[in-house]
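Chains as they are written, first to last, in the working numbering: chain X, 1 to 278; chain D, 1 to 278; chain Y, 1 to 278; chain L, 1 to 278.
What you were told as hints is all true, and nothing was included just to trick you.
DSSO-like mimics (lysine-lysine), calculated; alpha carbons at most 27 Å apart, straight line:
1) 195(D) / 31(X)
2) 269(D) / 9(D)
3) 163(Y) / 39(Y)
4) 264(X) / 163(X)
5) 39(D) / 163(D)
6) 9(D) / 201(X)
7) 220(L) / 163(L)
8) 264(Y) / 264(X)
9) 163(X) / 158(L)
10) 195(X) / 9(X)
11) 168(D) / 39(L)
12) 4(L) / 233(Y)
13) 39(L) / 163(L)
14) 233(L) / 255(L)
15) 158(D) / 163(Y)
16) 102(L) / 201(Y)
17) 264(X) / 163(Y)
18) 269(Y) / 195(L)
Everything labelled a hint here was simulated from the structure, so no lab data went into it.
Next come the chains, spelled out residue by residue.
4 protein chains.
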Amino acid sequence: MSYKFQAGKMYRMPTHFGPSLGPRQGEGGRKYDNLESPKMTAFSVSFLSNREQLEELLPEGFAVGAEPVVTVAIQYVTEIEWLAGHGYNTLGVSFPAVFTGKKDHVTGNFLTVLWENLTDAIIRGREELGFSKIYCEIPEPRIYQGQTHCFASWMGFKFMDLKIENWKQVPAEEVSSAANKQNGDGTLHYKYIPKTGEWGKADVAYAVLTPYDIPNRVVKEMWQGEGTVRFYKAAWEDLPTQCNIVNTFHNLEIKEYRGATMVKTTGAKDLSDQRILQ
Amino acid sequence: MSYKFQAGKMYRMPTHFGPSLGPRQGEGGRKYDNLESPKMTAFSVSFLSNREQLEELLPEGFAVGAEPVVTVAIQYVTEIEWLAGHGYNTLGVSFPAVFTGKKDHVTGNFLTVLWENLTDAIIRGREELGFSKIYCEIPEPRIYQGQTHCFASWMGFKFMDLKIENWKQVPAEEVSSAANKQNGDGTLHYKYIPKTGEWGKADVAYAVLTPYDIPNRVVKEMWQGEGTVRFYKAAWEDLPTQCNIVNTFHNLEIKEYRGATMVKTTGAKDLSDQRILQ
Amino acid sequence: MSYKFQAGKMYRMPTHFGPSLGPRQGEGGRKYDNLESPKMTAFSVSFLSNREQLEELLPEGFAVGAEPVVTVAIQYVTEIEWLAGHGYNTLGVSFPAVFTGKKDHVTGNFLTVLWENLTDAIIRGREELGFSKIYCEIPEPRIYQGQTHCFASWMGFKFMDLKIENWKQVPAEEVSSAANKQNGDGTLHYKYIPKTGEWGKADVAYAVLTPYDIPNRVVKEMWQGEGTVRFYKAAWEDLPTQCNIVNTFHNLEIKEYRGATMVKTTGAKDLSDQRILQ
Amino acid sequence: MSYKFQAGKMYRMPTHFGPSLGPRQGEGGRKYDNLESPKMTAFSVSFLSNREQLEELLPEGFAVGAEPVVTVAIQYVTEIEWLAGHGYNTLGVSFPAVFTGKKDHVTGNFLTVLWENLTDAIIRGREELGFSKIYCEIPEPRIYQGQTHCFASWMGFKFMDLKIENWKQVPAEEVSSAANKQNGDGTLHYKYIPKTGEWGKADVAYAVLTPYDIPNRVVKEMWQGEGTVRFYKAAWEDLPTQCNIVNTFHNLEIKEYRGATMVKTTGAKDLSDQRILQ
Numbered sequence: 001m002s003y004k005f006q007a008g009k010m011y012r013m014p015t016h017f018g019p020s021l022g023p024r025q026g027e028g029g030r031k032y033d034n035l036e037s038p039k040m041t042a043f044s045v046s047f048l049s050n051r052e053q054l055e056e057l058l059p060e061g062f063a064v065g066a067e068p069v070v071t072v073a074i075q076y077v078t079e080i081e082w083l084a085g086h087g088y089n090t091l092g093v094s095f096p097a098v099f100t101g102k103k104d105h106v107t108g109n110f111l112t113v114l115w116e117n118l119t120d121a122i123i124r125g126r127e128e129l130g131f132s133k134i135y136c137e138i139p140e141p142r143i144y145q146g147q148t149h150c151f152a153s154w155m156g157f158k159f160m161d162l163k164i165e166n167w168k169q170v171p172a173e174e175v176s177s178a179a180n181k182q183n184g185d186g187t188l189h190y191k192y193i194p195k196t197g198e199w200g201k202a203d204v205a206y207a208v209l210t211p212y213d214i215p216n217r218v219v220k221e222m223w224q225g226e227g228t229v230r231f232y233k234a235a236w237e238d239l240p241t242q243c244n245i246v247n248t249f250h251n252l253e254i255k256e257y258r259g260a261t262m263v264k265t266t267g268a269k270d271l272s273d274q275r276i277l278q
Numbered sequence: 001m002s003y004k005f006q007a008g009k010m011y012r013m014p015t016h017f018g019p020s021l022g023p024r025q026g027e028g029g030r031k032y033d034n035l036e037s038p039k040m041t042a043f044s045v046s047f048l049s050n051r052e053q054l055e056e057l058l059p060e061g062f063a064v065g066a067e068p069v070v071t072v073a074i075q076y077v078t079e080i081e082w083l084a085g086h087g088y089n090t091l092g093v094s095f096p097a098v099f100t101g102k103k104d105h106v107t108g109n110f111l112t113v114l115w116e117n118l119t120d121a122i123i124r125g126r127e128e129l130g131f132s133k134i135y136c137e138i139p140e141p142r143i144y145q146g147q148t149h150c151f152a153s154w155m156g157f158k159f160m161d162l163k164i165e166n167w168k169q170v171p172a173e174e175v176s177s178a179a180n181k182q183n184g185d186g187t188l189h190y191k192y193i194p195k196t197g198e199w200g201k202a203d204v205a206y207a208v209l210t211p212y213d214i215p216n217r218v219v220k221e222m223w224q225g226e227g228t229v230r231f232y233k234a235a236w237e238d239l240p241t242q243c244n245i246v247n248t249f250h251n252l253e254i255k256e257y258r259g260a261t262m263v264k265t266t267g268a269k270d271l272s273d274q275r276i277l278q
Numbered sequence: 001m002s003y004k005f006q007a008g009k010m011y012r013m014p015t016h017f018g019p020s021l022g023p024r025q026g027e028g029g030r031k032y033d034n035l036e037s038p039k040m041t042a043f044s045v046s047f048l049s050n051r052e053q054l055e056e057l058l059p060e061g062f063a064v065g066a067e068p069v070v071t072v073a074i075q076y077v078t079e080i081e082w083l084a085g086h087g088y089n090t091l092g093v094s095f096p097a098v099f100t101g102k103k104d105h106v107t108g109n110f111l112t113v114l115w116e117n118l119t120d121a122i123i124r125g126r127e128e129l130g131f132s133k134i135y136c137e138i139p140e141p142r143i144y145q146g147q148t149h150c151f152a153s154w155m156g157f158k159f160m161d162l163k164i165e166n167w168k169q170v171p172a173e174e175v176s177s178a179a180n181k182q183n184g185d186g187t188l189h190y191k192y193i194p195k196t197g198e199w200g201k202a203d204v205a206y207a208v209l210t211p212y213d214i215p216n217r218v219v220k221e222m223w224q225g226e227g228t229v230r231f232y233k234a235a236w237e238d239l240p241t242q243c244n245i246v247n248t249f250h251n252l253e254i255k256e257y258r259g260a261t262m263v264k265t266t267g268a269k270d271l272s273d274q275r276i277l278q
Numbered sequence: 001m002s003y004k005f006q007a008g009k010m011y012r013m014p015t016h017f018g019p020s021l022g023p024r025q026g027e028g029g030r031k032y033d034n035l036e037s038p039k040m041t042a043f044s045v046s047f048l049s050n051r052e053q054l055e056e057l058l059p060e061g062f063a064v065g066a067e068p069v070v071t072v073a074i075q076y077v078t079e080i081e082w083l084a085g086h087g088y089n090t091l092g093v094s095f096p097a098v099f100t101g102k103k104d105h106v107t108g109n110f111l112t113v114l115w116e117n118l119t120d121a122i123i124r125g126r127e128e129l130g131f132s133k134i135y136c137e138i139p140e141p142r143i144y145q146g147q148t149h150c151f152a153s154w155m156g157f158k159f160m161d162l163k164i165e166n167w168k169q170v171p172a173e174e175v176s177s178a179a180n181k182q183n184g185d186g187t188l189h190y191k192y193i194p195k196t197g198e199w200g201k202a203d204v205a206y207a208v209l210t211p212y213d214i215p216n217r218v219v220k221e222m223w224q225g226e227g228t229v230r231f232y233k234a235a236w237e238d239l240p241t242q243c244n245i246v247n248t249f250h251n252l253e254i255k256e257y258r259g260a261t262m263v264k265t266t267g268a269k270d271l272s273d274q275r276i277l278q
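Okay, chain X solo, but in the shape it has when bound (with noise of 0.2 Å):
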């Protein structure tokens, strides 16, 4: 007898080994408290930008937020439950936007890409999410005499560089407000799957929120710097599956760098909050 699926359990591909294991679904089914881990450091360089360029990297029903200020931030996450206990990088390119549709209304941070280094983390984000995650190399950074240096490659082409020195601590008074102030309702992202066979339709095509709220997120330090970012120009043949992406990147108009940050937090959320725009 073939398989059936069961009732209110979760499936990826491939569906033929039983319920899927990821960050929303565990063994038997157990979800994960994401209480005192898992455990990020995160580092972000902020410019103002050319709102026409953002625009176009934009698609229906979106538009842009109240500055055109592009964040690029690159995070470093340890002490995974859903891993039991390992732990990936992540580096996103994201600026404020709005999205109108039918029902929904909302404001927040558009995630143009998010690079991953674990292809595990990656499948799960696109297909049940919708976060448009793509794999590169993303190596621990480089920490020398007060200058953090971020770096991220494919197959030994490195395409970006960011660089961050002249820290300084934010008081833990100030950390909790500081933290708040990235406001708006969540993030934003645009699920796509294409349809087998018809190429250029598509199965799946919707706009996707990820609410703000992260409750047991806890900002255990907060630091404040002068950063900058460069994105290298790339051939087709440096970047055959992503010169695209990197290209865009580059040529993104930088008209003058909003600082940069070191977020240190625990805790996290399983993101089964994440929900299709309307």
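Following the hints, complete the assembly by docking chains D, Y and L onto the known chain X.
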């Protein structure tokens, strides 16, 4: 102005940087020939297994084929055009199956899972083709005193050893018939994409066929040998994202080995003939 | 004109590109402070073993110290100045020993082997310092529900698991005395370089001492726990370059565990006080 | 009782676990045949350079040979017996030189540096043979539309690109003479081991020769093409352990290219004929 999808072009997340780059669509929409390349060295070991165990791995509409023979195939591929000449490796587990739908009745090898060591290929294969691709490390084989040893691991946990020895080359005049022995309509898959937010429901769920024919593929050498394959029992801590898969193979009955092969080929197809079964 | 060695400068193969770059000599001959960095997180598990087995691991002139307690220590190091801020990890096995030479009589921990995951550090340590450094993969630890799991492998063969749990932090006021408990003169090594062409003869063979004191090192946190360590039996095919080492540890008697520790430190020394024992 | 060195056996740090394992001494002291294996694919690009620049790379006793032609050679080696069938890759830079000692007068190719991507091989080559081996990442080549692209990096900084195209196979009857064209007595090296504690002094410093003859090596295929090679300028931060080496090659004059080759071979020798020059 937000962007519009170009008619007739293929897209994939992130859709914001123009038409996607991949095996079926290169820069400016060009196609790849796959004429003299890629180059592939493929090893496989087959064994007679238990029909009931295999049936439990089949979604509705599928049944086990004539003989419950499982094939574990590992492929080392180089000179891939859409990767600008880079390569990657794969490890698949399949067995004969029959699909009976409302319109289609096809036979072939049901590919239960295909591990690959390159995320870019995994994403494209899952979303565009419906292949059940997931990630693992697949280093180059170890070849010593007539024995070929292929292996695979995830985050340092080795979950499979495949060993072949007593190699005998198939005479050139017999290669063509031996290569075409693998009858049926092609390779069978089940594409499944979960629906965001409505956990347990699907956005996409359909059977898919990779038609058998690969006109450009030329078999350069074929060898036969004797081989064994072992999947190791994994605790959840060892393989938190795929212990269910590896343990299923660990528990699969091996009634008798049915030989091992090595095939060296050139040429491929872009799989744009992949089609949904109904 | 061929080049001449500059007097007073350190060299290493290849000597043809000027004075060497390393922990004890930077660009233009500058020294490194190692004041606030590197940062280190070190885990260790100790066990009472068999005195006779340990004696067999000691070169002439050495004897096992007061108690045959073996310590397996794994260190994750970041922000290393001579690496421009990169880091690397190490795994060492040591036990107390006494060296009696013609002039010197010293006690300390005899470091039988030190695995590291960075070749540049291995070469420098072997040739300049006489550390018995060899290579293996040492990924970041897996930390899950209060258990820390450290592991090491070579070409996909995992040869060691070290697990610690039931962590209790050592109160700040006791850290200093606990950190200095590790008495003796320092770490003992045996440097040996074979003579080219006269196989079986040595170019270099002498005992070496790393003096105990590290003035810049500050212990930031100290924890105690309960731990176990396992070395796995390796066939020659599994570890063709180091099965003799791993199997020796696999066969080592574990009479009883003697606790486990975690220490977080900043600061180091450049080890230029390393000296030959006579 | 402490251990004693066994007479006639080779040792290497750590010496405490019995005779060493390596290319020239296997388990129980056995030798390796290297008859049908390893298999090697070697690419090289040569160029006429500046005699004065090359002279500055030679230790005392050496002079540049007939023509100041530099060869950059990259080798992808598999099925290595002493590694139980694993492989590794190398990247070397050499030019013709003459050594005149008290006894010896030999000509050959002076190997200034040999990068390898396997530490186990690097340690053995440095200490036993006097090869100037250091580490870098050497991924498999990228081969696309008739162009072969080899590259090398260190911690994500790509320092070399080597590209060859317009390949023409050398007819079988000319391979033997072409393969033996490379005259001279062998490959020249300078072995140097620093003395511990007396910084700037040497424990070992002598010239070494790898005799030319490799009786077991069979050239299976030889191709000629047109190639270029680029070493990239590195800041100390990019390559803190080897910027001096890479920048020397970056600054090397390229007067004209002298062709490129690809050679596929089987067989090797264990290099136990390596000898000190006097």
